[in-house]
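Visitor: Following numbering that gives the first Met the number 0, the numbering of the sequence shown begins with 0 at its first residue and continues without gaps.
Treat the hints with care, as some may be off.
EDC-like cross-link-like pairs, simulated, lysine to aspartate or glutamate; straight-line CA separation at most 16 Å [claimed, not checked]:
#, residue 1, residue 2
1, Lys155, Asp207
2, Lys24, Asp40
3, Lys52, Asp79
4, Lys80, Asp140
5, Lys42, Asp79
6, Lys64, Glu105
Note that these hints are calculated values from the structure, not bench results.
What you are looking at is a predicted structure, and each value in this text was computed from that prediction instead of being measured.
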Amino acid sequence: MAVHLNFLLLLTGLTGIHSITTVSKVSVNAGSSISIPCLYDSKYINHVKYLCKGYYWSFCSYLVKTSQPSSSGQFLISDDKSRRIFTVTIKDLTHENAGYYWCAVEINKGDDVNKYIYLSVTRGIPSLYVKYQKLTGFNGDNISINCSYTNTGETKWCRLGSSCVTKSSGSIEGTNVTISEGAPSVFNVTMSGLRTESSGWYWCAKGDLQMPVHVNVTERPTTTTLATTSHLTTLSLTPEPVSAFVDLKHFIIPLSLLIFIVMVTLLIWFMVKRHKQTRADISATTTAKEEVTYSTVKKKKKTSSQAEEEVTNSNVRHMGKTSDERLDAKSDVDVMYSSVVIVRQQIPKMVEAKDEDLTHSRVAQHQQNL
0 MAVHLNFLLL LTGLTGIHSI TTVSKVSVNA GSSISIPCLY DSKYINHVKY
50 LCKGYYWSFC SYLVKTSQPS SSGQFLISDD KSRRIFTVTI KDLTHENAGY
100 YWCAVEINKG DDVNKYIYLS VTRGIPSLYV KYQKLTGFNG DNISINCSYT
150 NTGETKWCRL GSSCVTKSSG SIEGTNVTIS EGAPSVFNVT MSGLRTESSG
200 WYWCAKGDLQ MPVHVNVTER PTTTTLATTS HLTTLSLTPE PVSAFVDLKH
250 FIIPLSLLIF IVMVTLLIWF MVKRHKQTRA DISATTTAKE EVTYSTVKKK
300 KKTSSQAEEE VTNSNVRHMG KTSDERLDAK SDVDVMYSSV VIVRQQIPKM
350 VEAKDEDLTH SRVAQHQQNL
(Lines of atoms letter the chains of each structure in order from A and count residues from 1; the text may use other names and numbers.)
(Lines give C-alpha, C1' and ligand atoms only; values in the text may rest on other atoms or scores of the structure.)
Protein backbone atom coordinates (compact mmCIF):
# COMPACT_ATOMS: atom_id res chain seq x y z
CA MET A 1 0.00 0.00 0.00
CA ALA A 2 2.85 2.38 0.84
CA VAL A 3 4.49 1.63 -2.53
CA HIS A 4 1.25 2.39 -4.36
CA LEU A 5 0.80 5.63 -2.44
CA ASN A 6 4.34 6.77 -3.19
CA PHE A 7 3.81 5.97 -6.86
CA LEU A 8 0.56 7.92 -6.77
CA LEU A 9 2.26 10.94 -5.27
CA LEU A 10 5.02 10.67 -7.84
CA LEU A 11 2.47 10.74 -10.65
CA THR A 12 0.72 13.76 -9.20
CA GLY A 13 4.02 15.56 -8.78
CA LEU A 14 4.91 14.96 -12.41
CA THR A 15 1.55 16.28 -13.64
CA GLY A 16 1.52 19.66 -11.91
CA ILE A 17 0.16 19.18 -8.42
CA HIS A 18 0.77 22.81 -7.52
CA SER A 19 -1.61 24.05 -10.20
CA ILE A 20 -4.73 22.79 -8.32
CA THR A 21 -5.48 23.12 -4.62
CA THR A 22 -8.22 21.19 -2.76
CA VAL A 23 -8.81 19.05 0.32
CA SER A 24 -7.11 15.66 0.45
CA LYS A 25 -9.38 13.48 2.59
CA VAL A 26 -13.04 13.79 3.61
CA SER A 27 -15.40 11.53 5.56
CA VAL A 28 -19.11 11.48 4.70
CA ASN A 29 -22.13 9.57 5.96
CA ALA A 30 -23.90 7.23 3.51
CA GLY A 31 -26.99 8.80 1.93
CA SER A 32 -25.73 12.38 2.27
CA SER A 33 -24.02 14.70 -0.24
CA ILE A 34 -20.66 16.42 -0.40
CA SER A 35 -19.37 19.45 -2.32
CA ILE A 36 -15.63 19.72 -2.97
CA PRO A 37 -13.99 22.95 -4.25
CA CYS A 38 -10.97 22.86 -6.51
CA LEU A 39 -8.89 26.04 -6.90
CA TYR A 40 -6.91 26.41 -10.14
CA ASP A 41 -4.35 28.79 -11.56
CA SER A 42 -5.52 31.87 -13.45
CA LYS A 43 -3.98 30.64 -16.70
CA TYR A 44 -6.57 27.81 -16.75
CA ILE A 45 -9.69 30.02 -16.57
CA ASN A 46 -10.87 29.09 -20.05
CA HIS A 47 -9.86 25.44 -19.89
CA VAL A 48 -12.21 22.49 -19.41
CA LYS A 49 -12.38 21.16 -15.86
CA TYR A 50 -13.53 17.70 -14.89
CA LEU A 51 -13.77 15.04 -12.20
CA CYS A 52 -12.66 11.47 -12.60
CA LYS A 53 -12.39 8.45 -10.32
CA GLY A 54 -9.66 5.84 -9.97
CA TYR A 55 -6.80 4.79 -7.77
CA TYR A 56 -4.30 5.67 -10.46
CA TRP A 57 -4.52 8.91 -12.36
CA SER A 58 -3.59 7.27 -15.64
CA PHE A 59 -6.57 4.92 -15.42
CA CYS A 60 -9.26 7.13 -13.86
CA SER A 61 -12.74 7.31 -15.39
CA TYR A 62 -14.42 10.56 -16.35
CA LEU A 63 -17.53 11.39 -14.27
CA VAL A 64 -18.49 14.95 -15.24
CA LYS A 65 -17.00 17.86 -17.25
CA THR A 66 -17.64 21.61 -17.40
CA SER A 67 -17.96 21.26 -21.16
CA GLN A 68 -20.82 18.84 -20.59
CA PRO A 69 -22.45 20.01 -17.36
CA SER A 70 -25.31 18.00 -15.93
CA SER A 71 -28.17 19.48 -13.94
CA SER A 72 -29.29 16.05 -12.83
CA GLY A 73 -27.68 12.82 -11.85
CA GLN A 74 -25.35 11.99 -8.99
CA PHE A 75 -22.39 14.12 -10.11
CA LEU A 76 -22.57 17.90 -10.67
CA ILE A 77 -19.90 20.43 -11.63
CA SER A 78 -19.82 24.26 -11.79
CA ASP A 79 -17.03 26.74 -12.58
CA ASP A 80 -16.70 30.14 -10.88
CA LYS A 81 -14.14 31.79 -13.15
CA SER A 82 -14.09 35.03 -11.14
CA ARG A 83 -12.75 33.15 -8.11
CA ARG A 84 -10.97 30.48 -10.17
CA ILE A 85 -12.75 27.67 -8.36
CA PHE A 86 -14.69 24.79 -9.86
CA THR A 87 -16.89 22.79 -7.51
CA VAL A 88 -17.92 19.16 -7.83
CA THR A 89 -20.91 17.76 -5.93
CA ILE A 90 -21.66 14.10 -5.31
CA LYS A 91 -25.20 13.32 -4.15
CA ASP A 92 -26.79 10.31 -2.47
CA LEU A 93 -23.51 8.73 -1.53
CA THR A 94 -23.21 4.97 -1.16
CA HIS A 95 -20.34 2.76 -0.08
CA GLU A 96 -19.55 2.13 -3.75
CA ASN A 97 -18.72 5.84 -4.07
CA ALA A 98 -15.82 5.57 -1.62
CA GLY A 99 -12.36 5.85 -3.15
CA TYR A 100 -9.97 8.21 -4.93
CA TYR A 101 -11.21 11.10 -7.07
CA TRP A 102 -9.27 13.62 -9.15
CA CYS A 103 -9.94 17.31 -9.79
CA ALA A 104 -8.37 18.01 -13.16
CA VAL A 105 -7.94 20.65 -15.86
CA GLU A 106 -7.52 19.75 -19.53
CA ILE A 107 -4.33 20.98 -21.19
CA ASN A 108 -4.24 21.08 -24.94
CA LYS A 109 -1.15 19.32 -26.32
CA GLY A 110 0.07 18.52 -22.84
CA ASP A 111 -0.56 16.60 -19.64
CA ASP A 112 -3.66 17.56 -17.68
CA VAL A 113 -3.10 19.10 -14.25
CA ASN A 114 -4.81 17.35 -11.33
CA LYS A 115 -5.14 16.86 -7.59
CA TYR A 116 -6.46 13.77 -5.83
CA ILE A 117 -9.11 13.52 -3.08
CA TYR A 118 -9.86 10.47 -0.98
CA LEU A 119 -13.56 10.07 -0.11
CA SER A 120 -14.57 7.88 2.84
CA VAL A 121 -18.22 6.81 3.14
CA THR A 122 -19.29 5.54 6.57
CA ARG A 123 -22.39 3.89 7.96
CA GLY A 124 -22.23 5.69 11.28
CA ILE A 125 -21.02 9.12 12.34
CA PRO A 126 -18.28 10.51 10.05
CA SER A 127 -14.86 11.12 11.55
CA LEU A 128 -15.18 14.88 10.83
CA TYR A 129 -18.31 16.69 9.74
CA VAL A 130 -20.31 19.93 9.94
CA LYS A 131 -24.09 20.36 10.09
CA TYR A 132 -24.21 22.86 7.22
CA GLN A 133 -21.63 23.01 4.45
CA LYS A 134 -22.82 26.43 3.21
CA LEU A 135 -23.32 29.44 5.51
CA THR A 136 -24.31 33.09 4.99
CA GLY A 137 -23.29 36.12 7.07
CA PHE A 138 -23.55 39.92 6.89
CA ASN A 139 -20.86 42.55 6.70
CA GLY A 140 -19.57 43.47 10.15
CA ASP A 141 -21.21 40.48 11.82
CA ASN A 142 -19.81 37.28 13.25
CA ILE A 143 -20.39 33.73 12.09
CA SER A 144 -19.76 30.45 13.92
CA ILE A 145 -19.03 26.98 12.57
CA ASN A 146 -19.19 23.83 14.70
CA CYS A 147 -16.88 21.05 13.57
CA SER A 148 -17.62 17.65 15.11
CA TYR A 149 -14.98 14.93 15.13
CA THR A 150 -14.19 11.43 16.39
CA ASN A 151 -10.53 11.24 15.37
CA THR A 152 -7.49 12.86 16.92
CA GLY A 153 -4.85 15.24 15.61
CA GLU A 154 -4.18 18.92 15.12
CA THR A 155 -7.13 21.32 14.88
CA LYS A 156 -7.08 23.83 12.00
CA TRP A 157 -9.24 26.36 10.23
CA CYS A 158 -7.97 27.17 6.74
CA ARG A 159 -9.02 29.13 3.71
CA LEU A 160 -8.72 27.45 0.32
CA GLY A 161 -5.54 28.73 -1.34
CA SER A 162 -4.60 30.86 1.69
CA SER A 163 -3.37 30.49 5.27
CA CYS A 164 -4.57 28.50 8.30
CA VAL A 165 -5.22 29.26 11.97
CA THR A 166 -3.97 26.54 14.30
CA LYS A 167 -4.04 28.34 17.65
CA SER A 168 -6.95 29.65 19.72
CA SER A 169 -6.98 32.90 17.76
CA GLY A 170 -5.57 34.32 14.56
CA SER A 171 -6.44 36.12 11.36
CA ILE A 172 -7.03 35.11 7.75
CA GLU A 173 -6.84 37.89 5.17
CA GLY A 174 -8.04 40.53 7.63
CA THR A 175 -10.84 38.45 9.19
CA ASN A 176 -10.37 37.53 12.86
CA VAL A 177 -10.68 33.84 13.70
CA THR A 178 -11.18 32.25 17.12
CA ILE A 179 -11.03 28.49 17.77
CA SER A 180 -12.42 27.04 21.00
CA GLU A 181 -13.47 23.68 22.31
CA GLY A 182 -17.20 23.50 22.85
CA ALA A 183 -19.12 20.34 23.63
CA PRO A 184 -17.19 17.07 23.78
CA SER A 185 -15.69 16.19 20.37
CA VAL A 186 -16.71 19.58 18.92
CA PHE A 187 -14.55 22.63 18.27
CA ASN A 188 -16.09 26.00 17.42
CA VAL A 189 -14.70 28.38 14.84
CA THR A 190 -15.84 32.02 15.04
CA MET A 191 -15.12 34.51 12.26
CA SER A 192 -15.68 38.10 13.43
CA GLY A 193 -15.74 41.38 11.57
CA LEU A 194 -16.90 39.79 8.33
CA ARG A 195 -16.32 41.60 5.07
CA THR A 196 -17.42 40.94 1.52
CA GLU A 197 -13.87 39.79 0.83
CA SER A 198 -14.31 37.12 3.52
CA SER A 199 -16.58 35.15 1.18
CA GLY A 200 -15.11 31.93 -0.14
CA TRP A 201 -14.29 28.30 0.61
CA TYR A 202 -12.76 27.28 3.94
CA TRP A 203 -12.24 23.97 5.67
CA CYS A 204 -11.96 22.74 9.21
CA ALA A 205 -9.33 20.05 9.81
CA LYS A 206 -8.71 17.46 12.50
CA GLY A 207 -5.69 15.27 11.98
CA ASP A 208 -5.56 14.16 8.33
CA LEU A 209 -9.27 14.86 7.66
CA GLN A 210 -10.76 18.04 6.24
CA MET A 211 -14.35 19.23 5.72
CA PRO A 212 -15.02 22.06 3.21
CA VAL A 213 -17.31 24.93 4.28
CA HIS A 214 -18.48 27.77 2.02
CA VAL A 215 -19.01 31.19 3.63
CA ASN A 216 -21.00 33.85 1.77
CA VAL A 217 -20.87 37.41 3.14
CA THR A 218 -23.45 39.94 1.90
CA GLU A 219 -24.62 43.42 2.78
CA ARG A 220 -27.25 43.62 5.49
CA PRO A 221 -30.68 44.72 4.16
CA THR A 222 -30.92 48.49 4.51
CA THR A 223 -33.59 50.29 6.53
CA THR A 224 -35.32 53.59 5.72
CA THR A 225 -36.09 56.12 8.47
CA LEU A 226 -39.00 58.53 7.92
CA ALA A 227 -39.10 61.71 10.06
CA THR A 228 -42.40 63.28 11.19
CA THR A 229 -43.22 66.30 13.34
CA SER A 230 -43.96 64.19 16.40
CA HIS A 231 -41.81 61.07 16.18
CA LEU A 232 -39.51 58.93 14.05
CA THR A 233 -40.81 55.84 12.34
CA THR A 234 -38.38 53.18 11.12
CA LEU A 235 -39.53 51.08 8.21
CA SER A 236 -37.65 47.84 7.75
CA LEU A 237 -37.34 46.37 4.27
CA THR A 238 -37.09 42.90 5.75
CA PRO A 239 -40.07 40.95 4.34
CA GLU A 240 -41.03 39.07 7.51
CA PRO A 241 -42.78 41.93 9.41
CA VAL A 242 -44.72 42.96 6.29
CA SER A 243 -45.89 39.40 5.81
CA ALA A 244 -46.98 39.18 9.45
CA PHE A 245 -49.00 42.45 9.11
CA VAL A 246 -50.75 41.25 5.98
CA ASP A 247 -51.60 37.93 7.60
CA LEU A 248 -53.06 39.74 10.64
CA LYS A 249 -55.24 41.98 8.44
CA HIS A 250 -56.53 39.00 6.52
CA PHE A 251 -57.40 37.38 9.84
CA ILE A 252 -59.25 40.36 11.36
CA ILE A 253 -61.58 41.01 8.40
CA PRO A 254 -63.15 37.50 8.29
CA LEU A 255 -63.39 37.48 12.10
CA SER A 256 -65.27 40.80 12.14
CA LEU A 257 -67.63 39.57 9.42
CA LEU A 258 -68.28 36.38 11.35
CA ILE A 259 -69.10 38.31 14.54
CA PHE A 260 -71.50 40.57 12.60
CA ILE A 261 -73.32 37.58 11.07
CA VAL A 262 -73.69 35.94 14.47
CA MET A 263 -75.12 39.14 16.01
CA VAL A 264 -77.65 39.58 13.18
CA THR A 265 -78.69 35.92 13.46
CA LEU A 266 -79.23 36.24 17.21
CA LEU A 267 -81.29 39.42 16.74
CA ILE A 268 -83.55 37.79 14.15
CA TRP A 269 -83.99 34.72 16.33
CA PHE A 270 -84.92 36.89 19.33
CA MET A 271 -87.51 38.88 17.30
CA VAL A 272 -89.13 35.71 15.88
CA LYS A 273 -89.29 34.15 19.33
CA ARG A 274 -90.86 37.28 20.81
CA HIS A 275 -93.42 37.45 18.00
CA LYS A 276 -94.44 33.84 18.53
CA GLN A 277 -94.77 34.44 22.29
CA THR A 278 -97.04 37.47 21.70
CA ARG A 279 -99.33 35.50 19.39
CA ALA A 280 -99.55 32.70 21.90
CA ASP A 281 -100.56 35.17 24.66
CA ILE A 282 -103.26 36.76 22.47
CA SER A 283 -104.66 33.34 21.54
CA ALA A 284 -104.83 32.27 25.19
CA THR A 285 -106.61 35.51 26.20
CA THR A 286 -109.19 35.21 23.40
CA THR A 287 -109.94 31.60 24.22
CA ALA A 288 -110.42 32.41 27.88
CA LYS A 289 -113.20 34.92 27.10
CA GLU A 290 -116.67 33.57 27.59
CA GLU A 291 -119.62 34.46 25.45
CA VAL A 292 -121.97 36.64 27.43
CA THR A 293 -125.59 37.20 26.55
CA TYR A 294 -127.33 40.17 28.07
CA SER A 295 -131.10 40.04 28.54
CA THR A 296 -133.30 42.82 29.78
CA VAL A 297 -136.88 42.03 30.69
CA LYS A 298 -139.32 44.82 31.41
CA LYS A 299 -142.72 44.23 32.84
CA LYS A 300 -145.37 46.74 31.99
CA LYS A 301 -147.42 47.86 34.95
CA LYS A 302 -151.13 47.35 34.78
CA THR A 303 -153.47 50.28 34.89
CA SER A 304 -156.76 50.27 36.57
CA SER A 305 -158.53 49.99 33.24
CA GLN A 306 -156.23 47.39 31.88
CA ALA A 307 -155.66 45.27 34.92
CA GLU A 308 -156.28 42.25 32.81
CA GLU A 309 -153.58 43.07 30.22
CA GLU A 310 -150.04 41.99 30.98
CA VAL A 311 -147.11 42.75 28.63
CA THR A 312 -143.61 41.39 28.91
CA ASN A 313 -140.88 42.96 26.76
CA SER A 314 -137.68 41.03 26.26
CA ASN A 315 -134.59 42.61 24.79
CA VAL A 316 -131.91 40.07 23.87
CA ARG A 317 -128.51 41.17 22.57
CA HIS A 318 -125.96 38.64 21.33
CA MET A 319 -122.24 39.49 21.42
CA GLY A 320 -120.37 38.76 18.20
CA LYS A 321 -117.47 36.33 18.27
CA THR A 322 -113.90 37.37 17.73
CA SER A 323 -112.01 36.71 14.52
CA ASP A 324 -110.30 33.66 16.04
CA GLU A 325 -113.61 32.14 17.16
CA ARG A 326 -115.07 32.86 13.75
CA LEU A 327 -112.87 30.20 12.25
CA ASP A 328 -114.58 27.52 14.35
CA ALA A 329 -118.13 28.65 13.70
CA LYS A 330 -120.36 26.13 11.96
CA SER A 331 -122.35 28.86 10.13
CA ASP A 332 -121.94 32.44 9.08
CA VAL A 333 -123.91 33.75 12.08
CA ASP A 334 -124.83 32.35 15.47
CA VAL A 335 -128.52 32.86 16.37
CA MET A 336 -129.90 33.09 19.89
CA TYR A 337 -133.47 31.89 19.98
CA SER A 338 -135.95 33.27 22.52
CA SER A 339 -139.28 31.69 23.26
CA VAL A 340 -142.18 33.95 24.11
CA VAL A 341 -145.08 32.50 25.99
CA ILE A 342 -148.42 34.30 26.08
CA VAL A 343 -149.92 34.24 29.49
CA ARG A 344 -153.64 34.57 29.52
CA GLN A 345 -155.75 35.69 32.46
CA GLN A 346 -158.43 33.31 33.51
CA ILE A 347 -161.15 35.96 33.16
CA PRO A 348 -164.57 34.58 32.49
CA LYS A 349 -166.28 35.51 29.29
CA MET A 350 -163.27 37.05 27.50
CA VAL A 351 -164.57 38.24 24.19
CA GLU A 352 -162.14 40.68 22.66
CA ALA A 353 -158.67 39.98 21.65
CA LYS A 354 -157.45 43.07 23.45
CA ASP A 355 -158.06 41.35 26.75
CA GLU A 356 -155.24 38.92 26.10
CA ASP A 357 -151.80 39.51 27.42
CA LEU A 358 -149.11 40.03 24.79
CA THR A 359 -145.43 39.56 25.25
CA HIS A 360 -143.26 41.36 22.72
CA SER A 361 -139.78 40.13 22.12
CA ARG A 362 -137.00 41.85 20.14
CA VAL A 363 -133.95 39.87 19.31
CA ALA A 364 -130.89 41.84 18.25
CA GLN A 365 -128.05 39.99 16.50
CA HIS A 366 -124.68 41.64 16.17
CA GLN A 367 -123.16 41.06 12.79
CA GLN A 368 -119.93 39.15 12.95
CA ASN A 369 -116.89 41.10 12.03
CA LEU A 370 -115.68 39.48 8.87
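Visitor: Kindly indicate which numbered hints from before are broken by the structure, ordering the numbers from low to high.
Guide: 2, 3 and 4
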